[in-house]
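> Chain by chain, the residues run as shown.
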Amino acid sequence: MDRELYGPFVTSVIDIIKEMTDVEIEGMDSMVEEPGEIPSLGISSIITFAGGKKGRLLMDMEPTLALHMANTILGEQFHDVKDHMVLSAVAEINNIVSGNAITLINNRLSMNLRLAPPVVFAGKDAIISIPKLSSQTAWGNTVHGRIRINVAWEGSVG
Amino acid sequence: MHNIELEKIAEFFTESLSQVLRMMAGFEVTSIDCNQSDETSMKPSIMAAMILHGAKDTIVSLAMEHSTAAVIIAYMTGVLPEELSQQDLFDGIAELVNIMAGEVKTMLSNTPHHFLLTSPFSIGGQNLELIYKESLPQVCRRLMAGEMEIIFQMAHI
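Line by line, the protein sequences are chains A and B. Our numbering numbers the first residue of the first sequence as 1 and each following residue consecutively. Our numbering numbers the first residue of the second sequence as 1 and each following residue consecutively.
Hints listed in this document are in silico derivations from the structure and should not be mistaken for laboratory results. Hints should not be assumed to be uniformly reliable.
[Said to hold, decoys possible] These stretches of chain B come out as covered by chain A in the derived footprint (C-beta under 8 Å, 3 or more residues):
hint: 1; stretch: 53–61
hint: 2; stretch: 104–115
hint: 3; stretch: 119–126
[Unchecked claim] Non-contacting residues of chain B with respect to chain A, defined by C-beta distances greater than 12 Å in every case (computed):
hint: 4; residue: 12
hint: 5; residue: 18
hint: 6; residue: 32
hint: 7; residue: 33
hint: 8; residue: 34
hint: 9; residue: 41
hint: 10; residue: 71
hint: 11; residue: 78
hint: 12; residue: 88
hint: 13; residue: 129
hint: 14; residue: 136
hint: 15; residue: 149
hint: 16; residue: 151
Don't be surprised by glycine CBs; every beta carbon is placed ideally from N, CA and C.
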């Protein structure tokens, strides 16, 4: 159950980012428990889901990677990570990654999960905290910067 | 965008928050529309938000300075402000959003505006700001209790 709830997000982020931007994510082989506060790498997107269980996916990356992905997807040259189009591109990637993972989970576990639209934010030294939720993080490296996903589910998983 | 229903629901939220702050911390809170007030000098450094699943998905958020969060959470928990850790503040204001959203959820449970709660989350940083697409219906209120100020925002997403 544990693997079935966390694993699809890892697979999905690797596959979708490769498919949409041709960026290879390496090193995302395992997930580790994330204690408390999460210092952002620079640009983060949170998407929550509800239904049979509540949870959320945080996708966090370095600004260089966000810019590269936005430039590739949109075919333009953005230089400011806070540009609305860059933020929208990151939010959309998170939406597709989460949609793909949630579809897999719903098909396997009939959890009737539903996604909310993503929220995206950018900032130096921002700290993200999701109280009362234990979460698992997977780190990845790309040639354009680091990325991590953090998945949390309410209640016991297992 | 002006949206009467969103305005009404936002009133439920700000009233609920005012009541919580009155009961738990003894603060009298006044609320004004952000667009009708002078620009604030307050620079939010801590924010808590929650996505609400309903007929229209919505985000609600509270933003304030660390010092305001510390005073509110101190009153709520009985712990001195200087003894509160950053994690306590993050947890505390997320809980504030949770309480407020839970109360409004009950109020709207048998109406077309009923919604599901999701997990609240907190963000810390300098001069935090939530930005939505301009076309989205949204509401912003400044809540003031003495010298403390809280920015409440709500938007369909």
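> Compare the structure with each hint and give your call.
To see whether the hints hold, each was checked on the structure:
1. Using a Cβ-Cβ cut-off of 8 Å, 3 residues of the stretch 53–61 of chain B lie near chain A, which meets the minimum of three, so the contact claim holds.
2. Here the stretch 104–115 of chain B counts 0 residues with a CB under 8 Å from a CB of chain A, which misses the bar of 3, and the coverage is violated.
3. Closer than 8 Å: that is the beta-carbon criterion, and the stretch 119–126 of chain B has 8 residues meeting it against chain A, so the requirement of 3 holds.
4. No beta-carbon of chain A is positioned within 12 Å of the beta-carbon of residue 12 (chain B); the least distance is around 20 Å.
5. For residue 18 (chain B), the condition that its CB be more than 12 Å from all CB atoms of chain A holds, with the nearest at approximately 23 Å.
6. The beta carbon of residue 32 (chain B) is kept farther than 12 Å from every beta carbon of chain A, the shortest such distance being approximately 25 Å.
7. Every Cβ of chain A is farther than 12 Å from the Cβ of residue 33 (chain B); the closest lies at roughly 23 Å, confirming the non-interface assignment.
8. No beta-carbon of chain A is positioned within 12 Å of the beta-carbon of residue 34 (chain B); the least distance is around 19 Å.
9. For residue 41 (chain B), the shortest C-beta to C-beta distance to chain A comes to about 20 Å, beyond the 12 Å cut-off, and the non-interface label holds.
10. Every beta carbon of chain A lies more than 12 Å from that of residue 71 (chain B), the smallest distance being close to 19 Å; the non-interface claim holds.
11. Non-interface call for residue 78 (chain B) relative to chain A: holds, since the shortest CB-CB distance, roughly 18 Å, exceeds 12 Å.
12. Once the 12 Å rule is applied to beta carbons, residue 88 (chain B) is inconsistent with being away from chain A; the minimum gap is 10 Å.
13. The beta carbon of residue 129 (chain B) sits about 9 Å from the closest Cβ of chain A, which is not more than 12 Å, so the claim that it is off the interface is violated.
14. With 12 Å as the threshold on Cβ separation, the claim that residue 136 (chain B) sits away from chain A is violated: the shortest Cβ distance comes to roughly 10 Å.
15. Even its closest Cβ contact with chain A, about 21 Å, leaves residue 149 (chain B) beyond 12 Å, as expected for a residue assigned away from the interface.
16. The Cβ of residue 151 (chain B) sits about 15 Å from the closest Cβ of chain A, beyond the 12 Å cut-off, so the non-interface label holds.
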